[in-house]
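A.B. asks: What follows is each chain in one-letter form.
2 protein chains.
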Amino acid sequence: MINRLLMLLPAQLLALELTTASRPLPTRTCRHPCMVASAAPPAFDLATYMEEKRVLTEAALDASLKSSCKETEIIVESMRYSLMAGGKRVRPMLCFAATEMFGGSLEAATPTAVALEMIHTMSLIHDDLPAMDNDDFRRGKPTNHVLYGDDVAILAGDALLSTAFEHVAKETKGVPAERVVRVLAALGTSVGAVGLAGGQVMDLKCEGQGADAVDMETLTWIHTHKTAALLKAAVSCGAILAGATDEQVKQCEVYALKIGLAFQVADDILDVTASTEELGKTAGKDLDADKTTYPKLLGLDRSREVAQELVDEAKAALASYGDAAAPLNGLADYIINRSN
Amino acid sequence: MINRLLMLLPAQLLALELTTASRPLPTRTCRHPCMVASAAPPAFDLATYMEEKRVLTEAALDASLKSSCKETEIIVESMRYSLMAGGKRVRPMLCFAATEMFGGSLEAATPTAVALEMIHTMSLIHDDLPAMDNDDFRRGKPTNHVLYGDDVAILAGDALLSTAFEHVAKETKGVPAERVVRVLAALGTSVGAVGLAGGQVMDLKCEGQGADAVDMETLTWIHTHKTAALLKAAVSCGAILAGATDEQVKQCEVYALKIGLAFQVADDILDVTASTEELGKTAGKDLDADKTTYPKLLGLDRSREVAQELVDEAKAALASYGDAAAPLNGLADYIINRSN
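The listed protein sequences correspond, in order, to chains S and A.
The first sequence begins at 593 in the numbering used here and counts up by one.
The second sequence begins at 593 in the numbering used here and counts up by one.
It is worth saying that the hints were derived from the structure and are not from the lab.
Take these hints with a grain of salt, some might be off.
[Claimed, not checked] Mimicking DSS-like on lysine-lysine, the simulated pairs with C-alpha atoms at most 25 Å apart in a straight line are:
1) 797/A / 797/S
2) 765/S / 765/A
3) 883/A / 662/S
4) 762/A / 762/S
5) 733/A / 762/A
[Said to hold, decoys possible] Where chain S lies over chain A, by a calculated footprint (3+ residues, C-beta under 8 Å):
6) 672-681
7) 773-780
8) 789-798
Cβ coordinates follow ideal geometry from the N, Cα and C atoms, glycine included.
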């Protein structure tokens, strides 16, 4: 047992602590606080958990992509520029948290976590293009096409998207191949016509039509696909890799779709309330583009309530997992309380 | 045996004929030609083979992509517009021919054949964009962005690329999951930094530099990646699905890289010698763009010789397969003798 514990990564040890953290804290007063600390592990600390997963993700991303010859230097530099440009790494975190909830290993989920961030980065590079949102800044830095040109940016996005699938297929170890195939299918679905590309096309078509033309049902469809689909893939792939049952994967999908919508509601609120400096990208873009948003349809106060309701529903979908769901529950809270 | 024969597809029956076609035709004169025909099956007919595979491919492509709700109608229409716009379907044919050479089933290879064409279509849509080659016509029809706008064209390409992987992962039946994972890895590699996107970036960077700056080594690198990488994936995936050994897959890769280069040499020759009408796309583009091509580096006559040498080397890599390699050998000939 000790040998096995020594082989675990720090994050796995933390997960182990989480599963034993369900014991209630002693209520009697104690003169020796240090004894309490050793008897009951500390409550779940989201900030520590997120920082740990962020560090793990950054290292895995950095290792995932190197130029193998002089001819690929430009495209790999362009891919790495956007892939390594910071970001919250929410999708990898969701994948790790889901896999840990079912006792899966972080190592087995790491290639999928990397792939999720490659896909997300591709969507950002292509969204920022002059032919799309025409954004010059992202995360406070010049966007990919500003530095490398539209042509290279388009191709770097394509390469990131295909490398995501290649990486999962080649690097996932210690998991039955059937699960890897399911993960690749889920990742593929999350980008296609009923994924982020389909959501984006509807979003573009509705732009400038004003709140009258776009009702709540359409807005929900757009964001369920544009934003929530990839979060759904993140959580369900983590669960699949750990061997979750179909029923359990479905619970994860409910959670993910709810936080996906909450994520977008929060984004819409931030677009109105935060500054460009805080966001690291141009604020107030939705207003300029006459885009239908949750604040426009519901007002700011009701939008905040809706975001909270969605997070509550997300957590309810995972109620049966108890403290093992603490990281996913914490990430749900984070998604609507973040400042960028 | 008869029951099993009845269950085979026509193309499988043809393949069966091919494996028995090695017997030499009788040399003596015969008064009853019909008897000769029944004694020795007809020699391999490339045109029939290609038409049969083209029909199979078109049907599979048509079935692969439907809009499931009103919100996805535009993106699916845009994806289907380019996917179903004709084309030679060389990549699916190569995949089918390779899988048949190793006794694999056409049915098991069909999702991969579809994926290859989805990937190829994505690369055409993105290449034609104003930010890239800025082409208004493809196969004699308006290009995707001319009809749907640059933004939808970019997203339709992204969706086709991800759907390719999804389709293989979800629809491949009767093959061990390990092989499906290997196929998905090979498809991913063929698009990334050492695949068509990497080849394209190098091609863009060399454009306008003239023949002095781009030598034969660089030109070969560009086309090995821009063109040959996806052909290599087509042949090797067909082989992998049929259970070919690593050594056999390597022989297929040698064949594919040789015909991939031959394909590009032939393309360069056609760009000089064929009319826009024959090509279905703008002719003489390479000259206008001051692009380094095989004819520019070697002259037209030597380019034709090089194309033939490459095809001979491709066939030599498959010499040990005898008549079972007839379709792949025939496709190699076709690649340098086509008129568009």
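A.B. asks: I'd like to know which numbered hints this structure contradicts. Please list them from smallest to largest.
C.D. replies: 1, 5 and 6
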